[in-house]
Amino acid sequence: MLIHRYIIIFVLTINISWGQTTFQGMNPNIGVIGDFSYQIHSNDVDLDRGFQFSEVEISFRMVLDPYARADFFIAVVPPEEAVELEEGFITLLSLPYSFQARVGHFRPSFGKFNLTHPPETPLATLPLFLGNFFGEEGLAATGVSLSALIPNPWDLYIEWNIDILNGEELASFKDNAPEDFLYLLHLKNFFDVSENHSIEFGLSTMMTKSDASGHETRLYGADFIYRWKPLIFGRYRSFTLQSETIISRKEVENQNINSFGWFLFLQYQFSKRWFAGSLYDYSGLPTSGDDVERRISAILSFWPSEFQTIKLQLQKSERNFSTPRSFISVYFQWTFIIGAHGAHKF
Amino acid sequence: MDLYHRSSWCAQILEETNVHKTNQNMEKGMNFFWHHLFVVFVFATLLSGKSTIEVVTTLPDLREIAKEIGGEKVSVFSIAKGYQDPHYVDAKPSYIIKLRKADLFIQVGLDLEVGWVQTLLEGARNKKILWGGDGYVNASKGVTLLQVPNIDPTKLRAEGDIHIYGNPHYWLDPENAKIIAENIYIGLVRIAPDDEGYFQENKRQFISRLDQEISKWTLMMEPYGGRKIIAFHNSWPYFENRFGIQIAGFVEPKVGISPSPKHIKSTIDSMKRENIRIIIISPYYSKKIPERIAKEVGGVVVELAPSVEGMIGISNYFDLFDYNLRQLIDAFKKFDDEKSAGSGD
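Protein chains in written order, with my numbering: chain B, 941 to 1286; chain X, -12 to 332.
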């Protein structure tokens, strides 16, 4: 870990010293996000409590050459001071036939919510199924991704992508061998219903061998977002309805484990800087057909400027696989960003 | 064959005939379907065979200037609407479809579109219009920039959401439209060199009309030179410079930052002290606070169009200045008339 820290300090020092000389124009865009939170829970649950500095996320982003761009997101996670590569990938922008490829460690397109880094989501906690089926930070894996738009006479946005990934670090696939790749296929569709309303939906599927005996695990996902944002007063009012679901079918000796998760998230922006939201969240576990947990949350967010967000989230949780069966949590989260704040994904 | 068997035999024949007919109908139906689907695809393919240069711009002002230079050789589309805040445009995938087919992409630059252009351009998978491609035009090249911040970059955001390269609203000075036109002309010639003469003639005509209009607008504004007004957001320094008005303050205390009660009070005090009665605002900002301030000082909130299409009736670049100057002059005249009526009493 110490070596990791020295590497980061070295990279930042090089950058700063270059920044002060003629190399300033050659520096990548650097952004740093701080994610501070306070959380309390009503019962003795196995969750963090008190003040947390959940992570510091450092991003370096730059166009590499006429053919590609590169993006790195490195997280420093206290109190262990672990340094994690959240993402590090090259995107090939000028492949023939309008293909685009991504190579490295990245957040694959299984659903929509997973594509956003946890400190930048509208929630203080990730939806349950991302944690249960993939990992604490959602789905991130190493591999390659190829995508393209499907031409159609109606000029609709239809994009497919196929990813081949290592999956042994993910909760759903942790028993598989490194040479057993994970195959992901995603289809994204977008429609402008009118100038102010839009609908996006996607379908995902992922499969791999679960273990050395050749058993398979298959995941199926669907995601849906409806957005209302009036063009003229879009900075003052908006509404989002987002839902995602996952179905898992895991083959083990003489049986299949079927499990399921989904969430429904609603968010209304009622003034320039204030948002109110609610989340219903349900998830099983990939390794058990019976264990389930669910939560209901209310979220209030305040944006003093576009560089900081303060969230208050009240949450009631229930689960059938450990005690206490039911508890209430309060999360207070403050995220802030310095440096480059690049283009937003839609 | 008894009656029962005969009827059952007949029924079978009838049934088979019906099934046969149904199958035939289904077959005909399917043939009809595939035939028409084929025709639709052929037409769609033929229609997608382009005869014009597809130009996509970030703002409608650039779209209108591109239309002036490109004439009938171009078909144009603007991503942002004129009544939309250009800093905060959602990078909708439907825009990616427009950019995928574009031959020329024109942007304002200077980080105005920093929150959305990169996502769209990279998503479009169109090498021609990526940065450095023949079909990429940054319209700001050669513009003399105003309000380039001369402060330590690490303190920049203490001034609000200001732009590091300078104020990007340069299209609001019609003299800058000549530079924009030149940049677009160079871009068009790069991708369609055979039409250079046509574009050059269009550019000459556009600049010639622009010169006439600028003389007219300057003359219209001459009586109001040096008049002080307040603006909601710092979008107007190029407009202010060109037409000789003076923007004495802003309703926003810092760029993009909502006004505090203290700042509202100090704005009211300074407007009263300096006898400023006009607050200008773009249509996408809430008028609640400016109207409160205007009421306190006996003034008026004047909605100006920041872009073509910003208000009803503004359909080209010339309309933009005709409309904005008419609104301002009407407001100045109203207060002048009130003043002279007051002094007459």
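What the hints contain is simulated information worked out from the structure, not anything from laboratory work. Errors might be hidden in some of the hints.
Taking lysine to aspartate or glutamate and the DMTMM-like style, the derived pairs with C-alpha atoms no more than 20 angstroms apart in a straight line are [stated by the list, open to error]: (1) X:LYS203 to X:ASP309; (2) B:LYS1212 to X:GLU278; (3) B:LYS1212 to X:GLU162; (4) B:LYS1212 to X:ASP77; (5) B:LYS1285 to X:ASP309; (6) X:LYS88 to B:ASP1132; (7) B:LYS1285 to X:ASP72; (8) B:LYS1169 to X:ASP77; (9) X:LYS85 to B:GLU1099; (10) X:LYS85 to B:GLU1135; (11) X:LYS114 to B:GLU1099; (12) X:LYS115 to B:ASP1005.
This structure is a prediction, so every number in the text was calculated from the model and none was measured.
Which of the listed hints are broken here? 3 and 5
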